[in-house]
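There are 2 protein chains.
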Amino acid sequence: MRRSERKQADPDLGILIARVLFGLQREMSRELRTDKSGPGPRHGAVLAYLDEEGSRATDLAAQSGQHKQVIGTLVDDLVAMGYVERRPDPSDRRAKLVVPTERGLDMMRRSDEVVAAIERRYAQAVGEEEFAVFKATLRKLAELQVTSDATT
Amino acid sequence: MRRSERKQADPDLGILIARVLFGLQREMSRELRTDKSGPGPRHGAVLAYLDEEGSRATDLAAQSGQHKQVIGTLVDDLVAMGYVERRPDPSDRRAKLVVPTERGLDMMRRSDEVVAAIERRYAQAVGEEEFAVFKATLRKLAELQVTSDATT
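Chain order of the listed sequences is U and B. First residue of the first sequence: 1, per the numbering used here; consecutive thereafter. First residue of the second sequence: 1, per the numbering used here; consecutive thereafter.
It is worth saying that the hints were derived from the structure and are not from the lab. Heads up, some of the hints might be wrong.
Repeated chains share a single entry, so a pair holds when one copy, or any two copies, can fit it.
Computed cross-link-like contacts, BS3-like style, restricted to lysine-lysine with a CA-CA straight-line distance of at most 27 Å [to be verified]:
1) K36 x K68
2) K7 x K140
3) K96 x K7
4) K36 x K135
5) K68 x K140
6) K68 x K7
7) K7 x K135
8) K96 x K68
9) K140 x K96
10) K135 x K96
11) K36 x K140
Whole structure, please, built from the sequences with the hints as guidance.
Given below as C-alpha cells:
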C-alpha cells in the first residue's frame, strides 16, 4: 500500500488535528467575513484571550503559549487594523494594556459565538456525550503539552 | 469573571485544538532538528502525504485540503531546499510528479516516527482505551469538516 493510501486509511494524529483546526479556521473566516486586510487565524492568539477591560502582552503570551515578540507583532497588526489600542495600565503607569476598540469587542463577541455554534454542531453530529468525552481528553492532551513545553 | 479567566477555566474547542497542534508542531521541529532554512509545519501539507514513488500535485492538494496554488508554492520551497524534485510522470508524460529525494525520504520516515512516538506517549498518559476513543471521535470531526467544506 502506498504511504498516502495508508494515511487515508489510518490518518495519524497530526493529520487529523490539522484537518479539524484548519476547517474551524476556514469556517471562522467565512462567518466573520474577514478578508486579507482583516485579522487572520494567527491573530487568534490575541483575540481569543483578550479581556474586554484590556490585557497585558505578557498575559496574552502566557495564555496563548506564544512568544512575547510574536504577541507584540500581532498587536501591532491589530492596532493598524483598528481592533485594539495600546494604553497605559491604570494600575501601573509604566506598563501598557492592550485594549479592544468597539470594532475589536464586536469581533471578540462574534468569534466566541461562532466557536460556540461550531461546538454545538459537532456535539449534535457525534452525540452530546461523545463530544463531552472528546473535549475532556483533548483538554488533558492540551495540558500535557503545556507541561512538556515548560520543562524543555 | 474576566473573559480570559473564563477561557482558562473552560477553554473552547479552537483554543484546545490549536494548543495541541502547536505543541505537536514544536515537538516535531525539535525532534527533526529543522531550522529556519529547513521545512516548517506548513510543508507538512506536502511531506505528510507524499508517496515514496512520487505524487501528483493535484493529489497532494486533495489529500491535504489545501489549494493547488498553495501546494505549488510549498513544492517550490521543498525543491529549493533539496527535499523533492519535479519529474515527468512515467504514466503520463505531460504530467509532473513530485518525487522525494534521499533527504526528503529520510525526513518523511523520521517525521512519521516522531508522530507515532507522540501518539504512544499520549496513549500512555490518558490510557490506551481513552486515546483510541478520542482518536475515533477526532476522525469523525475531521471527516465532517471535509464534507462541510465540499458543500460550500
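**OP:** Have a look at K36 and K135 and pick one of within, between, both or neither, based on CA distance no larger than 27 Å.
**Re:** neither (31 Å within a copy, 33 Å between copies)
Original post:
Which holds for K68 with K140 at a C-alpha limit of 27 Å: within a copy, between copies, both or neither?
Top reply: For K68 and K140, only the intra-copy Cα distance (25 Å) is at most 27 Å; the inter-copy one is 36 Å.
Original post:
When no copy is specified for K140 and K96, does a C-alpha distance of 27 Å or less occur within a copy, between copies, both, or neither?
Top reply: neither (33 Å within a copy, 44 Å between copies)
Subject >> Intra/inter-copy verdict for K135 and K96 if alpha-carbon distance must be at most 27 Å >> reply: For K135 and K96, neither the intra-copy (35 Å) nor the inter-copy (42 Å) Cα distance is at most 27 Å.
Subject >> Intra/inter-copy verdict for K36 and K140 if alpha-carbon distance must be at most 27 Å >> reply: Answer is neither: 34 Å inside a copy and 30 Å across each miss the 27 Å cutoff.
Original post:
Is it within, between, both, or neither for K96 and K68, if the alpha carbons may be no more than 27 Å apart?
Top reply: Within. Shortest intra-copy distance 13 Å satisfies the 27 Å Cα cut-off; inter-copy 43 Å does not.
**OP:** Using 27 Å as the alpha carbon limit, work out where K36 and K68 are close: within a copy, between copies, both or neither.
**Re:** Close inside one copy (24 Å) and across copies (19 Å); limit 27 Å.
Original post:
Is it within, between, both, or neither for K68 and K7, if the alpha carbons may be no more than 27 Å apart?
Top reply: Close across copies (20 Å), not inside one copy (36 Å); limit 27 Å.
Subject >> Copy assignment of K7 with K135, given that the CA separation must stay at most 27 Å >> reply: Both ways: K7 and K135 sit 24 Å apart in one copy and 14 Å across, limit 27 Å.
Subject >> Intra- versus inter-subunit Cα pairing at 27 Å for K96 with K7 >> reply: Between copies, since 22 Å is at most 27 Å while 48 Å is not.
Original post:
Are the CA atoms of K7 and K140 at most 27 Å apart within a copy, between copies, both, or neither?
Top reply: both (25 Å within a copy, 15 Å between copies)
The earlier numbered hints that this structure contradicts are 4, 9, 10 and 11.
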